[in-house]
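**Student:** Sequence:
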Amino acid sequence: MSRRKKSLALTLSLFACLAVALVPTAGCNAGKTVVATYQGGEVTEAEMMKQFHFQRSLLLPSYQESEENKKSFLHEYITLHKVLVAEAKTAGVKIDETTISGDIEQYKDQVTDMVFSGDRSKLEAEMKKYKLSDGDIKQLVVDDYYLREFKKQKTKDVTVTPQESQAFFDHDPSIFLTGTVSHILVASEEEAKKVKDRLAQGEDFAKVAKEVSIDPTAKLNGGTMANVTFDSFEQDFRQAAAQAPVGQLSDPVHTAYGWHILRVDKRSNPKFEDVKPDAEQKALEDKQNAVWQAYYEQTEQRAGIQIILPK
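According to mature numbering (1 follows the signal peptide of the UniProt record, and there is no 0), the residues represented by the sequence shown are -21 to -1, 1 to 290, in order.
It is worth saying that the hints were derived from the structure and are not from the lab.
Any given hint might turn out to be false.
[Stated by the list, open to error] Simulated pairs of lysine-lysine, DSS-like, Cα-Cα distance not exceeding 27 angstroms:
no., residue 1, residue 2
1, LYS101, LYS87
2, LYS189, LYS175
3, LYS173, LYS198
4, LYS101, LYS29
5, LYS255, LYS245
6, LYS245, LYS186
7, LYS87, LYS107
8, LYS266, LYS133
9, LYS107, LYS198
10, LYS61, LYS29
11, LYS117, LYS107
12, LYS290, LYS49
13, LYS61, LYS50
14, LYS87, LYS108
15, LYS61, LYS135
16, LYS87, LYS131
17, LYS68, LYS117
18, LYS87, LYS117
19, LYS87, LYS73
Take the sequences, apply the hints, and build the full model.
**Tutor:** The following block contains the structure:
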């Protein structure tokens, strides 16, 4: 398991929440079927499919609609949005309406960029199509707010030593790299190989990215992520970007999102002293995430989740 495993509350992001709201509700009969129970409640098939399909269709096209994936999704959804949000309220987490209002607009901007290629009118059209109001989005933002603030409560006493910061840096220096990386994301390894062949024959990277990449941002940036910190990359992608020779095309790289062909256009190589404050902060966040992850797992066990998927 990676030292920098993100908390599941952060992994199941607000992007997933909006996509949930943009998927039509299942039929009435399906809606009455209970697919999961937990201490204090249940989840119907309609609720599960509305949320599961949103993520699959808009965020992770390669995420398969398998029984295993549905079970995993239900465990995370129940633990986070049913149990931990309720615990946050009981623990006294209060909503800051000013912050929430700002988060709603920021969230809509982020989803516009990530899902609708920067076209705000497409987001507004989808909201109108499915009768989704700002009030509906507010509830989704509130959920995330409760989780973030509850995590702060649970991890407020966590500290790190200088030795821990150094060890964190030494364990994976790629986290602290910065640079410019271009990539094209497709659904299969075969498609990735074809993309590499086209690029190797001299086709323009940005042109091919805009044509075939399933990363929604590719149509805006031509697949180029300029002056980014490698810590923002998924682990397998980050390792590939850290090791690839600058200016050369990589072999296909597999991540949870699909298959990538990447090209590192420039890359830094900092020493610990160059990034010491950042290393201290990242080491602290890593330790906080570990504490929160442990609490999440304990909560999942206490919830007594039972999955009853229809055959």
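**Student:** Give a verdict on every hint.
**Tutor:** Here is how each hint holds up against the structure:
1. LYS101 / LYS87: holds (11 angstroms)
2. LYS189 / LYS175: holds (15 angstroms)
3. LYS173 / LYS198: This hinted pair holds, its Cα atoms lying about 19 angstroms apart.
4. LYS101 / LYS29: Between LYS101 and LYS29 the Cα gap is close to 20 angstroms, so the pair holds against 27 angstroms.
5. LYS255 / LYS245: holds (22 angstroms)
6. LYS245 / LYS186: holds (20 angstroms)
7. LYS87 / LYS107: Holds: LYS87 and LYS107 sit about 14 angstroms apart, inside 27 angstroms.
8. LYS266 / LYS133: It holds: about 12 angstroms lies between the C-alpha atoms, which stays within 27 angstroms.
9. LYS107 / LYS198: This hinted pair holds, its Cα atoms lying about 24 angstroms apart.
10. LYS61 / LYS29: With Cα atoms ~16 angstroms apart, LYS61 and LYS29 stay inside 27 angstroms; holds.
11. LYS117 / LYS107: holds (16 angstroms)
12. LYS290 / LYS49: holds (13 angstroms)
13. LYS61 / LYS50: Answer holds: LYS61 to LYS50 is near 15 angstroms, not above 27 angstroms.
14. LYS87 / LYS108: Roughly 16 angstroms separates the two Cα atoms, so the pair holds.
15. LYS61 / LYS135: holds (23 angstroms)
16. LYS87 / LYS131: Distance of about 24 angstroms is within 27 angstroms: holds.
17. LYS68 / LYS117: Judged against 27 angstroms, a Cα distance of about 16 angstroms means the pair holds.
18. LYS87 / LYS117: Holds, because 11 angstroms separates the two Cα atoms, which is no more than 27 angstroms.
19. LYS87 / LYS73: holds (23 angstroms)
When the structure is compared with the earlier hints, no violation turns up for any of them.
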